[in-house]
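If you follow the hints, you should be able to join the two separate chains into one complex; please do so.
Each chain, letter by letter, is given below.
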Amino acid sequence: MTGWIFALLQTFCVVLFAPFMAGWVKWLKCKLQNRQGPPPWQPYRDLLRLSRKQVVLAESASPIFRVAPYIVFSVTVVAASIVPVFSVQIPTAALADVIVLVGFLALTRFFLSLAGMDVGTAFGGMGSSREVTISSLAEPALLMAFFTLAMNASSTNLSTVISHLAQSQFVLYPSLIFSAMGFILVALAETGRIPIDNPATHLELTMIHEAMILEYSGRHLALMEWAAMLKLTLYAVLIANFIVPWGVAMTLEPGAIAFGVYSIICKLLVLGYCLAIAETVQAKMRLFRAPHFLGLAFILSLLGMMSHIVLEVR
Amino acid sequence: MDANMSLTIAQSAIVLSFLSATVPLLFHRQPHFLVRISFLLLGLSGLASAWAGATALLTNHAEQIILPISLPWLHIFLRIDPLSGFFFFIVGFVTCTAACYGPSYIREHIGGTHPIGTLTLFTGLFVGGMLLVLLAADAFSFMIAWEIMSVASYFLVAYQHDKAENRSAAFLYLLMAVVGGAFILLAYGVLAGFSDSFSFASMATAQLSPAWATIAFLLAFIGFGMKAGIVPLHVWLPQAHPVAPSHISALMSGVMLKVAIYGFIRFVYDLLGVMHWQWGVLVLLVGAVSAVFGVLYALMQHDLKRLLAYHSVENIGIIYIGLGISMIFHATDHMEVAALALIAALYHCLNHALFKSLLFFGAGAVLQQSHQHDMEKMGGLIKKMPVTAVCFLVGCISISALPPFNGFVSEWLTYQAALQGPILRSGILGAMLPVASAMLALTGALATACFVKVYGVVFLGLPRSSQAAEAQETSFGMQFAQVVLALCCLIFGILPTWTVSAINVIAENLIGTGLAKAAGDGWLWLAPIGKQTASYGALAILVGLLASWLIVYFFLHPLRRDNRIRIGPAWDCGFGPLTPRMQYTASAFAMPIRRIFSYVWFIDEKIEPGHHGKGPRYFLKIHDWVWLVIYIPIGKLILHLAKRASLLQGGNLRVYLSYSFFTLLFLLWVIV
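For the record, the sequence lines run as chains Y and B.
Under our numbering, the residue at position 7 of the first sequence is numbered 7, and the numbers go up by one with no gaps.
Throughout, our numbering is defined as the position within the second sequence, counted from one, plus 1000.
You may find that some hints are simply not true.
Unchecked claim - Listed next, the in silico DSBU-like pairs over lysine-lysine satisfying Cα-Cα at most 35 Å (straight line):
1. B/1383 <-> Y/53
2. Y/53 <-> B/1643
3. B/1163 <-> B/1614
4. Y/284 <-> B/1614
5. B/1531 <-> B/1163
6. B/1163 <-> B/1643
7. B/1621 <-> Y/284
Hints are computed from structural coordinates only; laboratory data are not their basis.
Just so we're clear, the structure is a prediction, and the values are computed from it rather than from any experiment.
Just chain B, same shape as in the assembly (with noise of 0.2 Å):
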């Protein structure tokens, strides 16, 4: 590998993503070609990205272009460094499967009322677009490169438009997406106040005073927030992952809410130069926040993609809890632990878009074999399409955070960091950090509890309808990817000690101090501050599990051959046979956890009595409280003030010529 070359092949692949956006426009009479050739391109634009992405995390390479097309007064600036390559890395990995799964996954719509066109064009443009965003080295660029991302996906969003749910949540999704953008704007529009240009370089080397660096963070804060979705700015996130087309959804949910963390990393650790510790507690308090509610309502959904986009809620907290916990030690001068904190920030990342990418492109393939979105219409789907379900169980068990997969990495090591909370000799910040570690433990049993939900009533117990019993299993290339990132979720959690200290890089450029032991006790032994401190050897953990095994079906197993297992009805208690319908429902799993944590939701429930020979019914609608307490409000306020300001709008050419005639005595006032 040419470490030099990194930042030309994450070029080339930016404009591969663009003529995968483009070219296959050319073929737009012959829609399989078209599919076939645009996926191709995308698939080798994230191989190219990957590549380029994890040369320059390996070699520690950075590297700046200005681009020549620039303006003689604006420079274009690119640049590629261990950040933006780890986060090349990772956008780069997920196209790539991605492209392997979209082929088959958008066959149905070749032919349908919505052109295949549209979608191959945006996919590529937000691809290329998210690549951008990491490569661009000045304010102007990452602005433009941002909002290209923005509106790209908006298109992805609104693709199957004539259902008016979907346009609903592609409004709202542009509107915070357009909202978000003008905060980003005015953060760096604070930044560019102090400095000479554009240049994130010059950026890092401004001089602000407190006040202004806090407004800034403000600023930036909320911006990168409303596109990673931490609450209360997550509102977009439920309504418009499940509208979009599985792989994007993978996309937008595992990639492009990385890419918000990236904007918010490189401006807070590069450019602002300063840290605060209220910074810190703010951003804990919001990343805990975000996922425990992000989780609980999780539970509560039987949309399966509107699960899982809340479950992106729940992570995206997790990662804002092991940076606000970084921040708090870097403010505080304990950079080894920050930079603890920030790998497991970081590795996090890395784990949720692999995890997040695989539920997202196995619930496509419930979704399209069954029909349904409806979690309470599926069922024994593990029969009908066993390597999806294989590779989903993965899914669920990395992103609930159990041994030996990757999920538990990155928490194990977020804990890490919380504990050494004590050394920061402060009783309000030392109390801090283990209530956040507690909000931590909470998230993870509730996610554990959430995906035991999803799975058993998803691929387990008996078809709930007649889609769900006519399933069948998906195509290759569909397998393919999960099983790429099944298997991806599975190395990552076992060979934590390369990933750590590749990220380490990181650390060591972004706060100055690495973690001085990463690997320090061998590769087996993930001992971030020390083995006696805390060791974790998870290969060696994967082999005692299957050496366990291993004897006790051997010891078993003399027994097995002269007592065959006899397969026979389950137990019904004598009254006929079982029904799927005497199953538990995903509502009635999740109903004891709905009554203890009541008072988080607005839980809208009655039961119509029945009549005329019909048995009652039952209905639940669980209302996301942010939106009815914050958004609604606000949304009538709007409404209210631009009534009040139509009373301007008489319709009366008088009336407006008066306006102009007082305006322009009021400017010469001004001036004069």
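In isolation and in its complexed conformation, chain Y is listed as follows (with noise of 0.2 Å):
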């Protein structure tokens, strides 16, 4: 019972972390390329004025249009409860494993996509056209990274996998380097940063996500938002829990779990730090070198596999 309570909190903390996440590699990038910018928490005010905000919506939008963001944000926030954050035990992990967790990121992308395409404008079946292009590649990169992970811990349970990683001599795998590589290339595909997709732009001839969205107004924007910003989060702790797990807690006792969150925490600001440079000193990429990007992101992927399989299967 105590770990369901904990699993609920972490989710509520997770939650409510994303929209500083992102304001926070925003702020960062400002700084680094000698703007003032918004201050970190800039996204909380977003969020509260969009969603006192009237919604309008189009004439020809359809229901789809309207449960696209509760469906969407309810799934991220479903896909973040099974994540472990700052404790590895936690009972949801065994509800759904990092299939399951591919499975949820398809199905927001699923429902957004079809929403950018209800109105019947242009630019949002741009939007969803571009948007799951990629992910029809990246998909299976990321799956690829993933099952090298699984096969090394022999589970597809994530608790299971990344107290693995934590707890296991740590030793340099080829199959590891090769799928943390072709993970990060899918994380930066997949949360729409740059190269692929640059989140500042609303320009119709380079956007993505925001293109998906342009529709949107009032509380069905904020919630849009907010999961873009926890799918942003979700996919930074994955990154630090699978190529830097120490400091996870493996217990649910208080000190483990508050130094948990203290790593976590040094550990996403220092990753958020790490985007903002890579942002500000790479451009945007066109969209048809897209499919290069992601291209070498499934070999890597594959390569960690068959580098597991051929020589590190005993």
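Spelled out as structure tokens, the structure:
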């Protein structure tokens, strides 16, 4: 029972922290580019303001358009609830493993893309088309990277995988290096960051995620934005706990959890810093160069899996 | 439920379906009555077979009889066991929903140019043939039932035979069915050569040398594969499915392909008796290629039913991936994982039957209402046909393998089996499984993309033609069939543990080992290998989703009350109103993927410049690579050979007499 309450609290914390993560990256980016920049807590103000504003719906919008924000947000929250953030001792991880996690992310994308096509404007369809194209290349790479980790730990359960990584002796396995590289590339693509998509732009030739949610307003937009921030945080947590798993609590003791909270916040802030630097030094790619980028991610993940099977299975 | 009754009920189901073919012909003057009585009998047949199949499966009951009408030296054996019971259930259930759907769907054909009796006659024969295939326990009756099924479905494909396109599709289908039938016949011939009778029981005990076993396997693989529609034997599928009436397409795609899978499983697991890992590799590779190829071609289609037909190729590929994994583990003596993969494949058979029938029913409803085959002329149907739209959405989510619906469960099980690859301790085989799972992952992602396209273009947005704008919701029977199937997609998605423990019996019978812990961790947890390895609690996830939805909703509701939604025109950038032509089309939607994977298709794309005040026109045709590279050359070769052979037929009597003379001489020389 304690486990379930802890899992709920952990999910709540992650959901609340997500806007800060997005704001933090934005603030750092502005600093790096010599701009003043909004404070990191600006997204909270934005969400609050949006949720108070009136919703303007297009005449051609169908019920799908109205339920999509709720589905996208609640599925992302459930996805966040199965990821071990502070401690690996969460009972929810047994409800859904990495494959289900990928399935959840695909489900949010499915409804997001449908919502983009719903109103019948050109922008929405464009965004949806690009989104499904990119994700149909990114998803296999993501699964391959996860499978390598899962084969390493002989389990697809996220808690087991992370505790296996944290507790086993530190050895630089080639499979883990390759799949980590593949996973980071996929994470950049899936969260809509440079070089695949630019979260700061509303230029029709470049945008993907923003094009799909262009018709949204008010609380619907707030939910969509929050879900996107949550997804960014989720990927950051996964990167942090897969690549540098040390510090995550193995038990539910208050001391261990406090250290887990402290370590994950440090990791996320550092990751945000890395993301800001990466986005500052890189330019956005042309859309049709994205397949090369994602092909690289796929090959890296596949190499990781192959090297696990060929080199590491004893 | 009395288990001993299951074979009797199964036989009565077959009799009922044959009755539904013949009895209505007595009333050919009252077409409405004819349709009603025919579909009533068909529905009863479906109910009876679903009941019989479920009984045999759930009670692990096997029973065999010799039909009294058989010849003294050639008995007709009928047998029901959990494997045939499982497929009996699939056929019966889908037939039942098709019987609800059919009457209103074919109402527009009544009084049309095509006699309605033909349709009901061959529908009954088709269903009866499929059921008989599943019951047949000797090669002889199996082949007869198989051919009844093939020929009856040929007449259903050719039902609207006034269009040349339908005739050629039907001919291609018949040709491939006949060739496939010949391969199956030869495969049984090899087995019969090593056993003392045609009955499956004696074939199963036959001792084959590895070479003959491989020959028999290859023959069966090609023969059943032709009916199942694996690449490159799939070409009849995208031709035949779009032209048949929609409830027939649902039966053909949802059920008939499964009968072919049944034949393959029966032949390989039950009759051959031995297993080689090389066979598994072949099945796995062909499955992976079929899955990726099917979904890539589906993405490029504009005809809704042809698109669904290519998705059948994809899903058959996924089933074959599961079977291939199972065969590899079976041959290397890892029985529990082999059982897991077999269960995954069988589960996917059930799921595909459910969601593919649902999607074909939905497509039929759309076709009937909008009178359009072309997706580019649809749009905005969710407002006109809400029930169909919601059911179709469920089908789309299920086929895209997204949680918490049923398609996800079977793919999850397949992944779990593939992830056991490292226990094979063989570099090549161990590498094969991850590559197959990578293909499966790519397939799943592309299928999601494809169904976003389908749903977005057909049901969302603005109507792209006046017919689409005037569509109405369909009749009660058609809605009912779709709602039932949609609910089943959800139920089999959130209660996978019960299904897996039911299917487990089949694995126990065929492989000898089942999943020890199929439901060992309680009905909530699907943990096929062990809870520490992987688990999936589908119902809890659904509850979690609903709970978080409710929390968000109640959190935002107070704000909602004093803040009504305002409805206004969509933002048009200040240039006049939006028109339906400004939306993304299906071709435009798939364009990035077309560009990325451009080497997969033969793309015929050209732009005609506009003149005389007309705008330029864009033409796009996607050709099936297999058709151009394999089938056209074979066709040309056969025509060429036929031309050569026709030289023999001079038309001169003396030449023919001399042929007879020399043949006689040759035979005398051979005999003497």
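Going down the list of hints, with the structure as the test:
A hinted pair counts as satisfied when its Cα atoms are at most 35 Å apart, and residue 1383 of chain B with residue 53 of chain Y qualifies at roughly 27 Å. Only pairs whose Cα atoms come within 35 Å are accepted, and residue 53 of chain Y paired with residue 1643 of chain B is rejected, the gap being roughly 78 Å. The suggested pairing of residue 1163 of chain B with residue 1614 of chain B holds, with an alpha-carbon distance near 31 Å, which does not exceed 35 Å. About 38 Å separates the Cα atoms of residue 284 of chain Y and residue 1614 of chain B, which puts this hinted pair outside 35 Å; it is violated.
For the hint linking residue 1531 of chain B to residue 1163 of chain B, the alpha-carbon distance of about 57 Å lies beyond 35 Å, and the restraint is violated. As the CA atoms of residue 1163 of chain B and residue 1643 of chain B are separated by approximately 29 Å, the hinted pair is consistent with the 35 Å bound. Our distance criterion of 35 Å between C-alpha atoms is met by residue 1621 of chain B and residue 284 of chain Y, whose separation comes to about 33 Å.
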